[in-house]
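There are 2 protein chains.
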Amino acid sequence: MPERPLADLILRDARVVTQEPRSGVIERGWIAARAGRIVGLGTGEPRVRGSARAVERRVRGRVVIPGLVDPHTHLLYAGRRYEEFVERRAGTPYLEILKRGGGIHRTVAQTRAASDAALARLLRERIARAAAQGTTTLEIKSGYGLAVEEELRQLRIIDRVRAEAPIDIVTTYLALHALPVGADRAAFVAAAGRAVATVAREKLAERVDAFVDEAVFSVSDAGVVFRAARRAGLAVVLHADQFNDTGGAALAARSHALSADHLAAASDRGLAAMAGAGTVAVLLPGSALIVGYTPPDATRFRKAGVRMALATDQNPGTSPLEGMPTAIALGVNLCGMRPDEALTAATRNAAAALGRERVSGSLRIGKRADLVVLDTDDERDLAYRVGARLIREVYAAGRRVAG
Amino acid sequence: MPERPLADLILRDARVVTQEPRSGVIERGWIAARAGRIVGLGTGEPRVRGSARAVERRVRGRVVIPGLVDPHTHLLYAGRRYEEFVERRAGTPYLEILKRGGGIHRTVAQTRAASDAALARLLRERIARAAAQGTTTLEIKSGYGLAVEEELRQLRIIDRVRAEAPIDIVTTYLALHALPVGADRAAFVAAAGRAVATVAREKLAERVDAFVDEAVFSVSDAGVVFRAARRAGLAVVLHADQFNDTGGAALAARSHALSADHLAAASDRGLAAMAGAGTVAVLLPGSALIVGYTPPDATRFRKAGVRMALATDQNPGTSPLEGMPTAIALGVNLCGMRPDEALTAATRNAAAALGRERVSGSLRIGKRADLVVLDTDDERDLAYRVGARLIREVYAAGRRVAG
Numbered sequence: 093m094p095e096r097p098l099a100d101l102i103l104r105d106a107r108v109v110t111q112e113p114r115s116g117v118i119e120r121g122w123i124a125a126r127a128g129r130i131v132g133l134g135t136g137e138p139r140v141r142g143s144a145r146a147v148e149r150r151v152r153g154r155v156v157i158p159g160l161v162d163p164h165t166h167l168l169y170a171g172r173r174y175e176e177f178v179e180r181r182a183g184t185p186y187l188e189i190l191k192r193g194g195g196i197h198r199t200v201a202q203t204r205a206a207s208d209a210a211l212a213r214l215l216r217e218r219i220a221r222a223a224a225q226g227t228t229t230l231e232i233k234s235g236y237g238l239a240v241e242e243e244l245r246q247l248r249i250i251d252r253v254r255a256e257a258p259i260d261i262v263t264t265y266l267a268l269h270a271l272p273v274g275a276d277r278a279a280f281v282a283a284a285g286r287a288v289a290t291v292a293r294e295k296l297a298e299r300v301d302a303f304v305d306e307a308v309f310s311v312s313d314a315g316v317v318f319r320a321a322r323r324a325g326l327a328v329v330l331h332a333d334q335f336n337d338t339g340g341a342a343l344a345a346r347s348h349a350l351s352a353d354h355l356a357a358a359s360d361r362g363l364a365a366m367a368g369a370g371t372v373a374v375l376l377p378g379s380a381l382i383v384g385y386t387p388p389d390a391t392r393f394r395k396a397g398v399r400m401a402l403a404t405d406q407n408p409g410t411s412p413l414e415g416m417p418t419a420i421a422l423g424v425n426l427c428g429m430r431p432d433e434a435l436t437a438a439t440r441n442a443a444a445a446l447g448r449e450r451v452s453g454s455l456r457i458g459k460r461a462d463l464v465v466l467d468t469d470d471e472r473d474l475a476y477r478v479g480a481r482l483i484r485e486v487y488a489a490g491r492r493v494a495g
Numbered sequence: 093m094p095e096r097p098l099a100d101l102i103l104r105d106a107r108v109v110t111q112e113p114r115s116g117v118i119e120r121g122w123i124a125a126r127a128g129r130i131v132g133l134g135t136g137e138p139r140v141r142g143s144a145r146a147v148e149r150r151v152r153g154r155v156v157i158p159g160l161v162d163p164h165t166h167l168l169y170a171g172r173r174y175e176e177f178v179e180r181r182a183g184t185p186y187l188e189i190l191k192r193g194g195g196i197h198r199t200v201a202q203t204r205a206a207s208d209a210a211l212a213r214l215l216r217e218r219i220a221r222a223a224a225q226g227t228t229t230l231e232i233k234s235g236y237g238l239a240v241e242e243e244l245r246q247l248r249i250i251d252r253v254r255a256e257a258p259i260d261i262v263t264t265y266l267a268l269h270a271l272p273v274g275a276d277r278a279a280f281v282a283a284a285g286r287a288v289a290t291v292a293r294e295k296l297a298e299r300v301d302a303f304v305d306e307a308v309f310s311v312s313d314a315g316v317v318f319r320a321a322r323r324a325g326l327a328v329v330l331h332a333d334q335f336n337d338t339g340g341a342a343l344a345a346r347s348h349a350l351s352a353d354h355l356a357a358a359s360d361r362g363l364a365a366m367a368g369a370g371t372v373a374v375l376l377p378g379s380a381l382i383v384g385y386t387p388p389d390a391t392r393f394r395k396a397g398v399r400m401a402l403a404t405d406q407n408p409g410t411s412p413l414e415g416m417p418t419a420i421a422l423g424v425n426l427c428g429m430r431p432d433e434a435l436t437a438a439t440r441n442a443a444a445a446l447g448r449e450r451v452s453g454s455l456r457i458g459k460r461a462d463l464v465v466l467d468t469d470d471e472r473d474l475a476y477r478v479g480a481r482l483i484r485e486v487y488a489a490g491r492r493v494a495g
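Residue numbers (my numbering), protein chains in the order written: chain A, 93 to 495; chain B, 93 to 495.
Just so you know, the hints here were simulated from the structure itself, not pulled from any lab data. Keep in mind that a hint or two might mislead.
For identical chains, the list gives no copy identity; a pair is met inside one copy or between any two copies.
Below are the SDA-like pairs computed for lysine to any residue, each with C-alpha atoms no more than 20 Å apart in a straight line [said to hold, decoys possible]:
#: 1; residue 1: K295; residue 2: R323
#: 2; residue 1: K191; residue 2: A279
#: 3; residue 1: K191; residue 2: D469
#: 4; residue 1: K395; residue 2: G274
#: 5; residue 1: K295; residue 2: G339
#: 6; residue 1: K191; residue 2: R139
#: 7; residue 1: K191; residue 2: S310
#: 8; residue 1: K191; residue 2: G136
#: 9; residue 1: K395; residue 2: E179
#: 10; residue 1: K191; residue 2: A327
#: 11; residue 1: K395; residue 2: R254
#: 12; residue 1: K295; residue 2: R394
#: 13; residue 1: K395; residue 2: D469
#: 14; residue 1: K295; residue 2: R319
#: 15; residue 1: K395; residue 2: A182
#: 16; residue 1: K191; residue 2: G447
In this text, all values refer to a predicted model and were calculated from it rather than measured experimentally.
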């Protein structure tokens with residue numbers, strides 16, 4: 093008989109939602125970790141040996157889920173945009189605010205003006221708040237630089253904070269976010285394309301992103317930075333078809349993007365192409381709620397066979413949403429996901445959107461021990477009890493980071 | 093010079109949002125309380141003497157607001173309704189579920205089957221969670237009895253829990269919530285009307301409520317219990333025009349109801365009548381989000397000159413929403429309130445909806461010291477940072493109850 097594995101963290105007497113199709117949910121379950129990795133899980137009495145300093149927690153009547161994965165945020169910024177928020181509520185369309193130098197441009201000015209230290213402090217606080225809400229893998233984009241040197245500065249700040257963060261951070265170079273007012277489009281796109289090589293050489297980001305929509309960037313602009321990403325060996329993702337269908341979903345599919353995000357206005361052909369390419373759809377109900385447009389309809393994605401993920405899109409303008417529990421609740425109540433779909437969208441599929449599916453997003457032996465204990469006996473409460481504080485304990489790579 | 097008043101609680105160095113039109117916001121403000129009442133507030137150095145056991149807290153860079161007031165909940169119930177929740181998401185209308193004995197009827201069966209002790213325990217837990225989210229005045233309705241003896245049992249349970257609750261509880265007898273399957277309508281309404289006298293005699297509730305809509309109760313049914321309430325000296329409120337305009341708003345106005353609640357389908361005439369009568373409109377965006385109907389539009393209420401309040405409508409079916417911060421965020425982002433309107437709706441106007449405006453809902457000398465310290469320097473974050481955990485400390489009648 094093989095010796096029982098050694099564990100330094102054991103959670104037991106829980107309902108364990110593994111997100112592994114083959115095992116599903118384990119009632120009266122346990123899960124054990126050592127050195128940050130899952131070393132065992134099952135039902136009944138834990139079949140592991142506790143190390144000398146092992147933490148063993150009985151979480152009777154509660155649910156353990158995989159750490160939540162937030163695959164789309166704009167977390168590095170300074171300032172707030174209350175006035176625009178109020179103005180949008182009064183009926184001014186977001187793309188109009190953007191055109192006249194508001195929206196992103198306002199945050200760009202405030203972020204450029206902030207010191208490295210100030211930005212790093214803000215970013216650390218936001219990461220801590222995300223972790224307290226159950227996020228153990230967090231994507232962070234640059235994109236409030238809109239000039240190569242400033243983008244690189246922002247990516248370097250993210251990288252320094254990432255290295256010491258309590259949770260896993262995935263950095264994305266958002267090469268095309270908005271055209272600076274008065275800038276030459278072709279020159280701007282070309283410079284962003286050239287910057288991709290620097291980003292890759294300095295290992296500042298894993299992914300390259302672009303925002304394709306009317307009055308923003310075109311499919312052919314995005315093609316420039318995507319080709320550069322391919323040459324540099326970086327993955328690509330896309331802000332696609334948020335307000336208008338400009339062919340973003342199809343571009344994402346033919347570029348083998350990890351994900352296409354937003355997609356409220358994507359065409360059926362675009363979704364079919366994504367399904368064929370295995371590109372994950374990252375739905376961002378927070379920005380639909382806050383900007384006030386019709387949210388993406390989960391039924392269409394389900395029908396097309398596209399994998400759905402959820403994210404906060406946390407940013408100071410169109411989605412100041414905080415916490416994946418709210419994204420889950422809105423995914424169900426605004427986009428029409430089923431509660432089980434929304435939880436998969438916030439864990440396993442979100443990890444896939446980040447190219448992290450082998451590492452996190454579900455609970456099985458060998459994966460990182462990213463675990464959340466919910467203060468309920470039914471994980472559907474994340475969708476059902478909107479606004480409830482359900483995140484009780486959060487473990488990232490086996491270490492307690494919140495709760 | 094008068095002697096400075098004695099205080100046992102002093103919060104200082106705060107942005108104090110008083111909700112008193114004449115003073116508005118106090119920057120670098122302080123607020124002091126003694127024996128549960130506000131004894132002073134102002135800017136700069138507190139002009140009070142601390143008692144021997146006084147608590148003095150510097151809350152620099154943070155906001156102090158009046159304790160939040162939730163004027164509409166169905167908090168006494170057993171069981172959950174996940175299946176119905178999923179079914180509604182799949183497209184079945186709520187009134188159809190209700191007609192075939194689902195919806196409220198399901199909760200009625202589960203609540204009837206629960207013991208006094210079990211219901212009291214659930215209620216205490218829910219009150220503690222509400223307080224942790226900043227609620228210091230909380231309305232609780234009966235209504236899952238649908239038979240006089242069972243309604244009285246539920247009201248007695250609420251009353252026992254109320255007597256020992258850390259926050260102020262306002263009890264409402266929801267006399268007409270749903271017609272039991274197979275019951276005779278006239279006999280049911282008459283019995284509910286007679287029960288009002290018992291409720292008043294035993295001091296089990298301050299208010300009488302009825303649910304008026306198609307397939308539920310009519311304006312004339314509500315008239316029966318309202319007349320009984322008037323004879324017994326109880327205030328009246330109404331679930332009005334949630335799904336269809338059946339004249340609820342106008343009935344509320346001519347009955348001098350404290351509030352009419354829901355109102356998503358209310359007519360302009362109904363709103364005008366409410367404005368004339370001073371009846372508060374309690375908007376419940378949680379149920380609009382969760383059931384999936386068009387939310388009430390704040391513009392219409394603003395135009396009609398009706399005072400708007402917000403509530404969670406917390407209940408196990410149509411609005412499992414928890415916490416007034418989420419109600420505020422949805423009031424702005426779904427109903428189109430301005431952030432300042434939503435905060436007034438969750439404090440001063442909500443107190444008015446409960447007949448508690450002289451006691452709570454704003455900060456001035458003599459009112460109860462119900463105070464919330466927000467973990468931000470701008471109260472608009474309650475509307476803006478949807479899902480953020482902003483409730484830092486909660487004081488009810490000067491005693492710390494959460495945070």
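Numbered hints the structure breaks, given as an ascending list: Of the numbered hints given earlier, those the structure breaks are 3, 4, 5, 6, 8, 10, 11, 12, 13, 16, listed in rising order.
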